Amino acid sequence: MSEPLIRARGLTKTYGDFVAVDNIDFDVAKGESFGFLGPNGAGKSTTMRIIGATSVRTSGTLTILGKDPEVNGPQIRAHLGVVPQQDNLDNELTVSENIFIYGRYFGLSSSFINKKIPELLEFAQLEEKKDTKVEALSGGMKRRLTIARSLVSEPDILMLDEPTTGLDPQARHILWDRLFRLKEQGVTLLITTHYMDEAEQLCDRLIVMDRGKIMAEDSPSQLIKTYSTKEVLEVRFGSDRNQEMVDVLRPLADRIEVLPDRILLYATDGEQLLEQIAAKGIHPNTSLVRRSSLEDVFLRLTGRSLVE
Amino acid sequence: MSTNIRKVSRFGSFHVAEARIRNMIKWAGIILFAAVVNPALYLVSIGIGVGSLVDANNGVNGVSYLTFLAPALLASAAIQGSSDEVIFPVMDGFKWNRTFFGMRSTPITARQISLGVFLAAMFRTVVSVVIYWIVLYFFGALESGTAWLAMPAALLAGAAMGAVMLALAAKIENENFFFTLVGRFVMIPMFLFSGTFYPLTQMPIFLQFFGWISPLWHATELGRYLTYDYPLSGLQLSIHICVLASMIVIGLFLSARIFHKRLEK
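First to last, the protein sequences are chains U and P.
Numbering-wise (this note's numbering), the first sequence opens with residue 1 and increments by one.
Numbering-wise (this note's numbering), the second sequence opens with residue 1 and increments by one.
Hints in this document: simulated from the structure, not taken from any laboratory.
There may be inaccurate statements among the hints.
Derived CB-CB ranges, DEER-like [claimed, not checked]:
{"no.": "1", "chain 1": "P", "residue 1": "I21", "chain 2": "U", "residue 2": "W176", "range": "32 to 40 Å"}
{"no.": "2", "chain 1": "P", "residue 1": "T201", "chain 2": "U", "residue 2": "E70", "range": "53 to 61 Å"}
{"no.": "3", "chain 1": "P", "residue 1": "I241", "chain 2": "U", "residue 2": "D25", "range": "53 to 61 Å"}
{"no.": "4", "chain 1": "P", "residue 1": "K95", "chain 2": "U", "residue 2": "V248", "range": "52 to 60 Å"}
{"no.": "5", "chain 1": "P", "residue 1": "I241", "chain 2": "U", "residue 2": "G10", "range": "52 to 60 Å"}
{"no.": "6", "chain 1": "P", "residue 1": "I241", "chain 2": "U", "residue 2": "G16", "range": "38 to 46 Å"}
{"no.": "7", "chain 1": "P", "residue 1": "S233", "chain 2": "U", "residue 2": "S110", "range": "50 to 58 Å"}
Incomplete in silico selection of chain P near chain U, CB under 8 Å [unchecked claim]:
{"no.": "8", "residue": "T3"}
{"no.": "9", "residue": "N4"}
{"no.": "10", "residue": "V8"}
{"no.": "11", "residue": "S9"}
{"no.": "12", "residue": "H15"}
{"no.": "13", "residue": "E18"}
{"no.": "14", "residue": "N97"}
{"no.": "15", "residue": "R98"}
{"no.": "16", "residue": "M103"}
{"no.": "17", "residue": "R104"}
{"no.": "18", "residue": "S105"}
{"no.": "19", "residue": "L263"}
{"no.": "20", "residue": "E264"}
Keeping only pairs whose Cα atoms sit at most 30 Å apart, straight-line, the calculated DSSO-like set for lysine-lysine is [claimed, not checked]:
{"no.": "21", "chain 1": "P", "residue 1": "K265", "chain 2": "U", "residue 2": "K67"}
{"no.": "22", "chain 1": "U", "residue 1": "K115", "chain 2": "U", "residue 2": "K129"}
{"no.": "23", "chain 1": "U", "residue 1": "K142", "chain 2": "P", "residue 2": "K95"}
{"no.": "24", "chain 1": "P", "residue 1": "K26", "chain 2": "U", "residue 2": "K130"}
{"no.": "25", "chain 1": "U", "residue 1": "K67", "chain 2": "U", "residue 2": "K116"}
{"no.": "26", "chain 1": "P", "residue 1": "K95", "chain 2": "P", "residue 2": "K7"}
{"no.": "27", "chain 1": "P", "residue 1": "K26", "chain 2": "U", "residue 2": "K116"}
{"no.": "28", "chain 1": "U", "residue 1": "K30", "chain 2": "P", "residue 2": "K265"}
{"no.": "29", "chain 1": "U", "residue 1": "K30", "chain 2": "U", "residue 2": "K225"}
{"no.": "30", "chain 1": "U", "residue 1": "K142", "chain 2": "P", "residue 2": "K261"}
{"no.": "31", "chain 1": "U", "residue 1": "K129", "chain 2": "P", "residue 2": "K95"}
{"no.": "32", "chain 1": "U", "residue 1": "K67", "chain 2": "P", "residue 2": "K261"}
{"no.": "33", "chain 1": "P", "residue 1": "K7", "chain 2": "U", "residue 2": "K115"}
{"no.": "34", "chain 1": "U", "residue 1": "K129", "chain 2": "P", "residue 2": "K26"}
{"no.": "35", "chain 1": "U", "residue 1": "K230", "chain 2": "U", "residue 2": "K213"}
{"no.": "36", "chain 1": "U", "residue 1": "K115", "chain 2": "P", "residue 2": "K26"}
{"no.": "37", "chain 1": "P", "residue 1": "K26", "chain 2": "P", "residue 2": "K171"}
{"no.": "38", "chain 1": "P", "residue 1": "K7", "chain 2": "U", "residue 2": "K133"}
{"no.": "39", "chain 1": "P", "residue 1": "K26", "chain 2": "U", "residue 2": "K133"}
{"no.": "40", "chain 1": "U", "residue 1": "K116", "chain 2": "P", "residue 2": "K7"}
All values reported here derive from a predicted model rather than from experimental measurement.
Don't be surprised by glycine CBs; every beta carbon is placed ideally from N, CA and C.
With the hints as constraints, model all of the structure from the sequences given.
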């Protein structure tokens with residue numbers, strides 16, 4: 001196997017007494033779409049900043065494209081495209097100008113950038129906005145521009161920190177489509193998210209993080225297979241009765257999780273389980289059968305939900 | 001791969017300055033308007049108003065009040081221009097739009113960002129000083145053949161104050177506190193107590209202290225020496241230059257360190 005693009009061993013970052021990233025190991029291969037899934041504060045963004053050579057690790061080893069970010073920061077950053085959690089576009093400048101100045105930071109020539117701009121604007125569906133000040137763009141457009149901007153240097157690795165947080169469903173789907181195209185072109189993607197659907201859509205492989213540690217690592221489908229059943233039956237009895245129903249339901253399901261507003265029953269066949277429950281004369285207010293998701297994996301691994 | 005890392009390591013701060021100057025161009029109308037109107041207002045009100053009184057008493061240092069005042073106003077304009085052009089971009093870059101964090105994820109380094117902001121501020125300062133000088137000239141404030149030398153003296157003041165403000169704006173993260181503090185307790189007192197409107201020696205000795213630590217006073221003394229026969233000893237001359245030069249060096253050195261720390265969490 002060829003040398004991985006990114007290799008981390010015992011990677012740790014502490015701020016005073018707080019351990020943000022706690023001794024984690026992972027490899028990312030070329031062309032792979034690799035995800036960090038976990039709730040806010042799990043250490044995903046810190047890990048991204050360390051990989052992005054803008055934060056110094058406390059201990060452990062890390063090589064990116066065969067180099068150490070502590071020694072070769074600018075050389076590594078020259079090959080990265082970074083989409084931060086918070087957009088940091090220049091609001092006073094136009095859409096094209098933002099791409100232009102960003103290209104200059106990579107030492108690109110004006111002629112190269114000017115050739116690149118129309119292509120990027122098309123990718124971001126911002127052709128008509130090219131002379132608009134960034135200030136006037138919607139959240140989704142700014143996000144797309146931030147991604148387009150990060151591609152001006154034709155990076156080997158594109159790093160996206162919570163790419164769709166704060167966007168409406170339509171804007172999210174447009175963005176996913178764009179990222180999927182990049183993946184098809186062979187760009188290595190590094191994505192952090194606390195949305196399980198996003199991780200399932202975009203990642204070939206992911207690590208589930210909680211409190212700075214890696215809880216599990218695999219492909220989304222394999223994680224679900226390992227840590228959950230095929231289906232989930234969600235039932236609601238009203239917040240007063242949920243707790244008292246748990247003891248009755250527990251023997252029927254493979255596993256049971258009680259959330260504040262509903263009970264999750266894990267089973268291979270959700271419909272069949274629902275029939276069993278009805279046969280016992282138990283009738284929940286509402287019921288829903290669905291496939292297991294990464295949310296269930298996270299719940300199983302940590303006992304908590306992803307979005308709290 | 002067209003990314004040119006060697007070019008960035010050499011010219012990175014110029015690329016940062018380029019972005020800043022593109023930003024300024026959006027405000028060019030206001031910047032140029034202020035650059036012309038501001039001196040005109042001062043010259044009419046203080047230069048001519050107060051000047052007619054002073055000149056009736058044989059002027060100051062043996063020259064007309066306008067000639068005495070010109071280097072101080074020029075240096076003060078340079079300080080104002082360079083301070084504005086570092087304070088607002090630093091607040092914007094770290095906090096309001098976080099643009100510095102965007103720059104920082106490219107091959108650009110924190111030191112290059114701080115230097116780039118400073119260079120762009122100096123560009124603005126040069127423009128302001130030249131315009132101010134021209135207005136002064138038309139008001140007849142600059143009579144001697146060496147009057148143009150007031151410009152480099154003023155630029156030195158702008159650079160000194162710009163470098164110090166760059167470090168300070170980066171260090172103090174609470175902008176409200178910063179604007180109140182700097183506006184009320186640094187900029188205005190400095191303008192009033194730096195021998196701007198009268199020789200510093202008119203003040204009791206304990207108030208002269210403000211002048212000694214003020215880049216405006218050092219640059220004004222230098223400017224007066226260069227534009228008319230204002231007497232300065234070789235020692236005084238070298239002290240003025242040394243104070244301003246050390247403010248530039250220390251300000252830029254601290255800025256680079258503070259920028260690095262804030263951009264590498």
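Going through the hints against the structure:
1. I21(P) / W176(U): 32 to 40 Å: holds, 37 Å
2. T201(P) / E70(U): 53 to 61 Å: Because 55 Å falls inside the window, the suggested range holds.
3. I241(P) / D25(U): 53 to 61 Å: Since I241(P) and D25(U) have Cβ atoms about 57 Å apart, the given range 53 to 61 Å holds.
4. K95(P) / V248(U): 52 to 60 Å: Once the Cβ atoms are compared, 55 Å apart, the range 52 to 60 Å for V248(U) and K95(P) holds.
5. I241(P) / G10(U): 52 to 60 Å: holds, 54 Å
6. I241(P) / G16(U): 38 to 46 Å: The hinted range 38 to 46 Å holds for I241(P) and G16(U), with Cβ atoms some 44 Å apart.
7. S233(P) / S110(U): 50 to 58 Å: holds, 51 Å
8. T3: Because about 5 Å separates T3(P) from the closest Cβ in chain U, which is inside the 8 Å limit, the hint holds.
9. N4: holds, 3 Å
10. V8: Since the shortest Cβ distance to chain U is 4 Å, the answer is holds.
11. S9: holds, 6 Å
12. H15: holds, 4 Å
13. E18: holds, 6 Å
14. N97: Result: holds, 5 Å to nearest chain U Cβ.
15. R98: holds, 4 Å
16. M103: holds, 6 Å
17. R104: Constraint on R104(P) satisfied, holds at 5 Å.
18. S105: Nearest chain U Cβ about 4 Å off; hint holds.
19. L263: Hint on L263(P): holds, closest Cβ of chain U at ~7 Å, below 8 Å.
20. E264: Result: holds, 6 Å to nearest chain U Cβ.
21. K265(P) / K67(U): Holds, at about 20 Å.
22. K115(U) / K129(U): Within the cut-off at roughly 17 Å; holds.
23. K142(U) / K95(P): Satisfied, since the Cα-Cα distance of roughly 18 Å is no more than 30 Å.
24. K26(P) / K130(U): Measuring from Cα to Cα gives roughly 16 Å; hence the hint holds.
25. K67(U) / K116(U): holds, 28 Å
26. K95(P) / K7(P): Distance of about 28 Å is within 30 Å: holds.
27. K26(P) / K116(U): Holds: K26(P) and K116(U) sit about 24 Å apart, inside 30 Å.
28. K30(U) / K265(P): holds, 28 Å
29. K30(U) / K225(U): The hint holds at about 26 Å.
30. K142(U) / K261(P): holds, 28 Å
31. K129(U) / K95(P): It holds: about 26 Å lies between the C-alpha atoms, which stays within 30 Å.
32. K67(U) / K261(P): It holds: about 22 Å lies between the C-alpha atoms, which stays within 30 Å.
33. K7(P) / K115(U): holds, 20 Å
34. K129(U) / K26(P): Status holds; Cα separation ~18 Å.
35. K230(U) / K213(U): holds, 26 Å
36. K115(U) / K26(P): With a Cα-Cα distance of about 24 Å, the restraint between K115(U) and K26(P) holds, given a limit of 30 Å.
37. K26(P) / K171(P): Roughly 27 Å between the alpha carbons, so the hint for K26(P) and K171(P) holds.
38. K7(P) / K133(U): With a Cα-Cα distance of about 29 Å, the restraint between K7(P) and K133(U) holds, given a limit of 30 Å.
39. K26(P) / K133(U): holds, 10 Å
40. K116(U) / K7(P): holds, 19 Å
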